[in-house]
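Number of protein chains: 2
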Amino acid sequence: MKTRDRILATALDLFNEQGEVHTTALDLADELDMSPGNLYYHFKGKDPIIESLFERFEAQISETLAAPIEAPLGADDSIENNWYYLFVLLEDMHDYRFLYDNLTDLIHRYPNVERGFKRILKLKRAAFFALCNQLIPKSLPAREQQLSAIADNLSQTATFWFSFDQLVHPRRSAELTIHRGVLQLLTMIAPYLGDAQQAFYRDCEAVFESLQTQA
Amino acid sequence: MKTRDRILATALDLFNEQGEVHTTALDLADELDMSPGNLYYHFKGKDPIIESLFERFEAQISETLAAPIEAPLGADDSIENNWYYLFVLLEDMHDYRFLYDNLTDLIHRYPNVERGFKRILKLKRAAFFALCNQLIPKSLPAREQQLSAIADNLSQTATFWFSFDQLVHPRRSAELTIHRGVLQLLTMIAPYLGDAQQAFYRDCEAVFESLQTQA
DNA sequence: GTCTATATTTAGATAGAC
DNA sequence: GTCTATCTAAATATAGAC
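Chains Y and W are the protein sequences, given in the same order. The first sequence begins at 22 in the working numbering and counts up by one. The second sequence begins at 22 in the working numbering and counts up by one.
Keep in mind that the hints are not guaranteed to be accurate.
Identical chains blur together in the list; that is why a pair holds if it fits in one copy or across any two.
Derived lysine to aspartate or glutamate pairs resembling DMTMM-like cross-links, with alpha carbons at most 25 Å apart [unchecked claim]: (1) Lys23 <-> Glu52; (2) Lys139 <-> Asp126; (3) Lys143 <-> Glu226; (4) Lys23 <-> Glu38; (5) Lys139 <-> Asp186; (6) Lys159 <-> Asp216; (7) Lys143 <-> Asp186; (8) Lys67 <-> Asp34; (9) Lys67 <-> Asp126; (10) Lys159 <-> Glu230; (11) Lys23 <-> Asp68.
Treat the hints as calculated values from the structure; they're not laboratory data.
Please take these sequences and the hints and turn them into a complete structure.
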């Protein structure tokens with residue numbers, strides 16, 4: 022089963038780097054120093070490779086997403102915990118970013134992937150809702166409705182963050198991209214927070230600024 | 022020049038409905054009751070069609086986007102004016118939504134389109150920044166930085182709204198999708214608003230709810 | 001301008017030897 | 001399991017008659 026894993030790992034790299042659509046089975050075989058015939062012995066084309074990669078991704082991100090729903094993070098240092106949580110979540114997504122690059126096309130071609138993305142999105146939304154529910158004051162007017170809309174916005178931003186960032190900052194490092202993504206998410210919650218937590222948020226912004234100017 | 026326009030209009034329809042990647046030159050010729058040879062007489066393949074459609078789109082949306090920067094909307098009834106403005110903007114984008122469905126792939130294939138999208142994004146960001154600048158109180162701490170982050174979030178949400186909504190509500194009407202998109206954008210500004218303007222925002226939510234249950 | 005017919009290109013896929 | 005060689009299918013693109 023060693024070769025199978027090599028194929029999956031290399032495919033993931035190529036897909037992330039040059040796009041899934043522009044990576045042919047032959048490109049992949051070349052990169053693996055392997056004949057196309059041999060590649061087809063292990064996977065009957067690109068389709069099962071993509072479905073396998075997606076299964077791995079779903080398993081990984083589902084585990085990450087389930088964490089705050091099952092065991093809510095502490096309340097006193099909550100923003101800081103949430104900062105780490107979001108960072109890990111975006112890292113998971115970044116590892117398989119090719120899935121998000123051409124999402125519309127992908128779900129059109131693979132019904133299994135579409136179903137999987139819907140499951141992930143539900144989980145993601147639930148995780149963000151739980152996060153908002155914990156951080157946002159109970160006194161907010163029309164709270165339930167607003168939490169819902171905020172959770173939707175967070176879900177969308179998380180889902181398309183890498184596509185967006187690639188357009189605006191094509192050559193930014195993975196680290197900076199993820200860092201900025203976390204801040205974009207926190208920006209949506211920031212106005213609802215108390216003074217201490219807003220201060221933490223602004224510290225994060227300052228840290229990011231210094232990282233960016235270094236690079 | 023009549024046939025050229027027919028081709029462009031039909032191509033736009035097909036691209037929006039079944040995706041640009043899955044529409045071949047032959048599909049398009051079929052839909053037009055025209056031979057492939059004739060289609061190639063007018064456009065040398067799909068590439069120049071896509072570039073032409075993009076040019077039209079950029080002209081259209083640039084005009085819409087320039088409006089609030091050149092002539093800021095009135096301040097007293099500002100949210101309501103902004104509601105309409107966002108609606109028109111999302112309508113423009115919806116007309117050419119195929120461009121956004123596989124954005125990453127598209128800008129990879131067409132450098133001109135990539136440059137165009139960057140121009141549009143800059144304008145969009147400037148328009149949103151102007152809008153925030155007008156609506157958000159001057160007293161906000163670290164205001165400039167926050168406005169900037171909010172404008173980024175608005176830009177991203179606007180850019181990928183249709184891709185996202187398609188995943189969550191595959192068969193929703195264009196009207197409802199656009200309406201919901203406007204609300205998602207306003208949600209990001211809502212926490213900064215005064216009471217009267219927040220009330221208007223919640224009215225919009227209520228109107229949307231009633232429209233949705235009707236359908 | 002429009003057609004029919006055909007050529008070219010490229011990615012996906014398989015057969016059979018080693 | 002791996003290779004070489006070859007086939008198929010689909011989309012792009014052109015030539016030449018009307």
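- Query: Taking 25 Å as the upper bound on the Cα-Cα distance, should lysine 159 and glutamate 230 be classified as within, between, both, or neither?
  - Reply: Between copies only: 23 Å across chains, 33 Å inside a chain, cut-off 25 Å.
- Task: Could you figure out if lysine 159 and aspartate 216 sit no more than 25 Å apart (CA to CA) within one copy, between two copies, both or neither?
- Result: Classified as both: same-chain Cα gap 16 Å, cross-chain 18 Å, threshold 25 Å.
- Item | Status of glutamate 226 relative to lysine 143 across identical chains (alpha carbons, at most 25 Å) | between (29 Å within a copy, 22 Å between copies)
- Message: One pair to classify: lysine 23 and aspartate 68, alpha carbons no more than 25 Å apart. Within, between, both, or neither?
- Response: within (20 Å within a copy, 42 Å between copies)
- Message: For lysine 23 and glutamate 52, with the copy left unspecified, which applies at a CA distance of at most 25 Å: within, between, both, or neither?
- Response: Within one copy only: 16 Å inside, 49 Å across.
- Could you figure out if lysine 67 and aspartate 126 sit no more than 25 Å apart (CA to CA) within one copy, between two copies, both or neither? both (15 Å within a copy, 18 Å between copies)
- Task: At 25 Å max between alpha carbons, let me know whether lysine 143 reaches aspartate 186 within a copy, between copies, both or neither.
- Result: Classified as both; 23 Å inside a copy, 13 Å across copies.
- Task: Could you place lysine 139 and aspartate 126 in one of the four classes (within, between, both, neither) given a Cα distance threshold of 25 Å?
- Result: Cα proximity of lysine 139 and aspartate 126: in one copy and across copies (15 Å, 22 Å).
- Query: Quick one: lysine 23 to glutamate 38, C-alpha cut-off 25 Å, is that within a copy, between copies, both, or neither?
  - Reply: within (23 Å within a copy, 42 Å between copies)
- Using 25 Å as the alpha-carbon threshold, which applies to lysine 139 and aspartate 186: within, between, both, or neither? For lysine 139 and aspartate 186, the Cα distance is within 25 Å both inside one copy (23 Å) and across copies (11 Å).
- For the identical chains here, do lysine 67 and aspartate 34 meet the 25 Å Cα criterion within one copy, between copies, both, or neither? Classified as within; 14 Å inside a copy, 30 Å across copies.
Taken one by one, the earlier hints all hold for this structure without exception.
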